[in-house]
Each structure stands twice: as structure tokens, then as C-alpha cells.
Amino acid sequence: MSRAFLICPEPVRAVTAGVGTRFLTLAQVLAEAGHEVTLAVPNDPDEAAPPSEGVKIVKADPERLGEQAGRHDWVLLHGHLGNHYLSQRDDLPVVVDLYDPFLVENLHYHRELGFEPFTTDHATWRLQMARGDLSTLERLIVELPFGVPEGPPPPPPARSDVLAGVEDGAPVLYFVGIYDWYDPEVVLAALPTMLERNSDMVLVFVEHPHPELTPLTAAARTRKFAEKLGLLGSNVRFEAWRPFDRRFELAQVSDLAVVTHRPGLETDLSLRTRLVDLMWLGLPAVVTAGGVMAGVVGNEGAGAVIPAGDPSALAVAVNELLADDDRRHRASEAARSWAAGRRWRHVASPLLEFAAAPRRDPHRERFDELAPGAVVGEEPLLRRIQRALRRQRGGR
Numbered sequence: 000m001s002r003a004f005l006i007c008p009e010p011v012r013a014v015t016a017g018v019g020t021r022f023l024t025l026a027q028v029l030a031e032a033g034h035e036v037t038l039a040v041p042n043d044p045d046e047a048a049p050p051s052e053g054v055k056i057v058k059a060d061p062e063r064l065g066e067q068a069g070r071h072d073w074v075l076l077h078g079h080l081g082n083h084y085l086s087q088r089d090d091l092p093v094v095v096d097l098y099d100p101f102l103v104e105n106l107h108y109h110r111e112l113g114f115e116p117f118t119t120d121h122a123t124w125r126l127q128m129a130r131g132d133l134s135t136l137e138r139l140i141v142e143l144p145f146g147v148p149e150g151p152p153p154p155p156p157a158r159s160d161v162l163a164g165v166e167d168g169a170p171v172l173y174f175v176g177i178y179d180w181y182d183p184e185v186v187l188a189a190l191p192t193m194l195e196r197n198s199d200m201v202l203v204f205v206e207h208p209h210p211e212l213t214p215l216t217a218a219a220r221t222r223k224f225a226e227k228l229g230l231l232g233s234n235v236r237f238e239a240w241r242p243f244d245r246r247f248e249l250a251q252v253s254d255l256a257v258v259t260h261r262p263g264l265e266t267d268l269s270l271r272t273r274l275v276d277l278m279w280l281g282l283p284a285v286v287t288a289g290g291v292m293a294g295v296v297g298n299e300g301a302g303a304v305i306p307a308g309d310p311s312a313l314a315v316a317v318n319e320l321l322a323d324d325d326r327r328h329r330a331s332e333a334a335r336s337w338a339a340g341r342r343w344r345h346v347a348s349p350l351l352e353f354a355a356a357p358r359r360d361p362h363r364e365r366f367d368e369l370a371p372g373a374v375v376g377e378e379p380l381l382r383r384i385q386r387a388l389r390r391q392r393g394g395r
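Residue numbers (numbering that gives the first Met the number 0): 0 to 395.
Honestly, I wouldn't trust all of these hints.
Quick list of simulated restraints, FRET-style, between CB atoms [unchecked claim]:
1. Asp323 - Ala355: 28 to 38 Å
2. Arg359 - Ala169: 52 to 62 Å
3. Glu111 - Thr192: 44 to 54 Å
4. Thr192 - Pro49: 39 to 49 Å
5. Val291 - Pro155: 46 to 56 Å
In short, the hints are calculated from the structure, not lab data. The beta-carbon is built from N, C-alpha and C at its ideal position, and this holds for glycine as well.
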């Protein structure tokens with residue numbers, strides 16, 4: 000079995016989000032398969048939940064990542080933190096995870112941050128795509144989507160323990176997290192119409208788990224809109240992101256999920272991993288058209304798909320689903336059936352195959368000239384000199 004060094008660019012704490020959850024879970028899957036795993040994270044390892052047996056969590060030191068990778072057999076990396084490793088070493092097989100389309104996501108912050116982040120993001124993707132080793136004879140990119148846990152979901156908690164003051168019979172809509180590429184305002188625009196049918200309805204927004212990482216303009220707008228409607232604190236609630244071991248509880252005490260976003264490239268590229276979790280939980284969802292998961296919800300009958308930016312259509316879809324218990328039950332069963340084929344151990348099979356026999360891509364060097372040298376300060380000329388010296392010594 001191999002020794003894997005995973006470089007996670009986002010914090011892995013008791014409260015963790017998409018990238019952190021993905022890396023922590025992949026570390027566990029690799030360890031369960033018998034591999035020795037080190038997970039390097041940007042935060043204090045003591046903040047993380049106790050890792051599974053076979054997983055060691057360490058604090059990533061950007062200036063020493065190559066040294067920290069030490070005796071390992073291969074590396075899995077993602078995002079900007081991985082650039083530091085790539086500038087320090089080029090002898091271990093590298094798997095580049097392209098899970099988070101941050102190149103597109105961060106364009107939503109251009110008003111606050113300008114276009115410099117895009118330049119860095121683009122250079123990062125070029126560098127890492129040129130340095131990855133996980134490919135096959137059939138394709139340069141291997142799919143490893145977001146998975147779901149083994150076994151059934153945990154028993155749902157009592158609603159009163161999770162949403163104090165919300166009656167058991169009140170319809171609860173669950174919006175998951177608020178990011179700037181989502182469209183929470185269309186749900187608020189539809190809420191007055193939905194309240195005409197169900198005056199005790201509660202709409203739950205989940206706050207960002209790492210507010211220090213990104214601007215939160217959409218969250219601020221959403222809160223202000225709810226205040227303007229006079230619904231904040233009554234029919235609209237903002238809840239904290241739950242710890243990893245309780246991450247499903249808000250969804251489990253909800254009646255419907257609402258996932259709305261605007262049309263665009265980010266929508267087309269995103270998997271909407273929270274919808275994957277919701278399918279596993281069997282929570283019917285009302286989603287706006289666009290992207291892979293909206294197609295899954297529609298094709299599987301796991302909820303309803305509506306046009307983007309249409310509060311009237313949203314209100315109709317929500318009210319119809321809430322009024323039809325049989326339809327919600329069928330949607331729930333359809334969602335669970337789809338999720339049954341998405342267990343982490345199954346979707347991670349390409350990575351497990353690579354881990355069993357890590358290898359360098361013999362053709363990768365042809366792409367080196369496509370990789371920019373300014374991502375972390377390395378110049379293309381220096382890289383060419385280093386490669387020439389390696390060739391003289393008989394290496395690659």
C-alpha cells in the first residue's frame with residue numbers, strides 16, 4: 000500500500016465545508032483501503048475532529064510543503080496552496096483535484112477584489128493541469144465527483160432541538176449556504192406568496208462556515224432584504240453552519256430544500272454538492288434550471304425544476320409539493336435511489352486505483368511550457384534550467 004500526502008487548501012475544523020469535507024473524506028477512504036495518509040491543512044490540526052485510524056493531520060507550511068511530503072509516495076492537491084508544493088518538488092506523482100471551479104467562482108468578487116484573483120487563478124489552473132499525473136489511455140481528466148456516506152442517514156433529531164421555537168407542523172424550507180453565485184433573493188421575493196398558503200412557514204438560510212475566506216455580499220443583501228420584508232427572526236432565520244458530525248441535522252428537520260442560482264458558467268460547471276447530500280437524505284428539492292444536479296432532480300423526479308429568477312414559479316412549485324404528501328414521498332424515494340450509487344468508496348475508485356500503483360505520467364513534460372512560472376515566484380527560465388540539469392543526471 001502507498002503513502003499519500005494530501006494538501007487541502009481550506010480549513011478542516013469541527014465546522015468544515017465542501018473542499019475540507021472532500022479532502023477529509025478522501026483521506027478516510029484511502030486509509031480504510033489500507034493506505035497511510037497525511038492530510039496537510041492550513042489551520043491548527045487540533046481544531047479538526049479526531050481523524051480516522053491511518054490518517055495523520057498536520058499543519059501545512061507553505062514554505063516547507065516539499066519537505067513535509069518527505070517520504071510519501073504521491074501527492075493529492077487542490078487550489079493555490081498546492082502551487083507552493085509544485086514550486087519545491089517535482090519527483091513525486093501528483094494528482095490534481097479540480098473539484099472546486101474557483102477560477103469561475105471568484106469572478107463574482109471582481110467588484111470587491113478586481114481581476115487580479117482571476118489572473119492568479121488562471122495561472123494556478125494552467126500550472127496544475129500541466130503537472131498532474133492521473134490520466135488514462137482514454138482521457139486526460141478522470142471523474143471523481145462528490146460522494147455520500149456509506150449506509151443510511153443518521154436518525155433525524157427532534158426539530159425542537161435544532162430549530163427552537165419552530166412548531167413540528169410548520170413547513171420548513173432549507174436553503175443551505177449563501178454564496179455570491181447563488182440567488183437567495185428570489186426565494187425571499189416568493190416568500191410572501193408562499194406565506195398566503197402557509198403563514199407559519201419558516202425559511203432557513205445557513206451562514207458561511209468560513210466568513211474570513213471570501214466576501215459575503217450576497218449574505219448581507221439577503222439579510223437586509225429579509226429585514227425589509229419584516230420577516231427576519233419570524234419566517235426567516237439565519238442558522239450557523241453545523242459541525243461536521245451534525246452537518247445534516249438542519250436538512251433532516253426540513254420539509255423541502257430550495258436551491259436557486261443565476262444562469263452562468265459557474266452554474267454550468269458546478270455539481271452543487273449540497274444537493275448530493277440532500278438526495279442521500281431523501282429531501283425533495285426545488286431547484287432552478289441549469290447545471291448537472293438540476294438535470295438529476297428533474298430526470299429522477301426528486302423534486303421540481305423551475306426557471307431561474309422566477310419567484311412566481313418558485314412559489315407555485317413549493318406550494319404544490321407541500322400540498323402533495325404522496326408526491327413528496329415519491330420524490331424522497333427517487334432521491335435516495337439515485338444517491339445509493341454515489342457512495343464515496345465507489346466514486347473514489349479512480350483515486351484508489353492510482354493509490355495502489357502511483358505513477359508519473361511519462362508524457363507530462365510536454366506540457367511544462369504551458370505552465371506559467373509566476374504563480375509563486377518561479378520563473379520559466381529557472382524551470383527550464385532545472386529540467387535540463389535533471390536530464391543531464393539521467394532523471395526526468
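Hints versus structure:
1. Asp323 - Ala355: 28 to 38 Å: This hint is violated: roughly 48 Å between Cβ atoms.
2. Arg359 - Ala169: 52 to 62 Å: With Cβ atoms ~58 Å apart, the hint holds.
3. Glu111 - Thr192: 44 to 54 Å: Violated - the Cβ-Cβ distance for glutamate 111 and threonine 192, about 33 Å, lies outside 44 to 54 Å.
4. Thr192 - Pro49: 39 to 49 Å: Taking Cβ atoms as reference, threonine 192 and proline 49 lie about 47 Å apart, which means the hint holds.
5. Val291 - Pro155: 46 to 56 Å: 27 Å, violated
Against the hints set out earlier in the document, violations occur for numbers 1, 3, 5.
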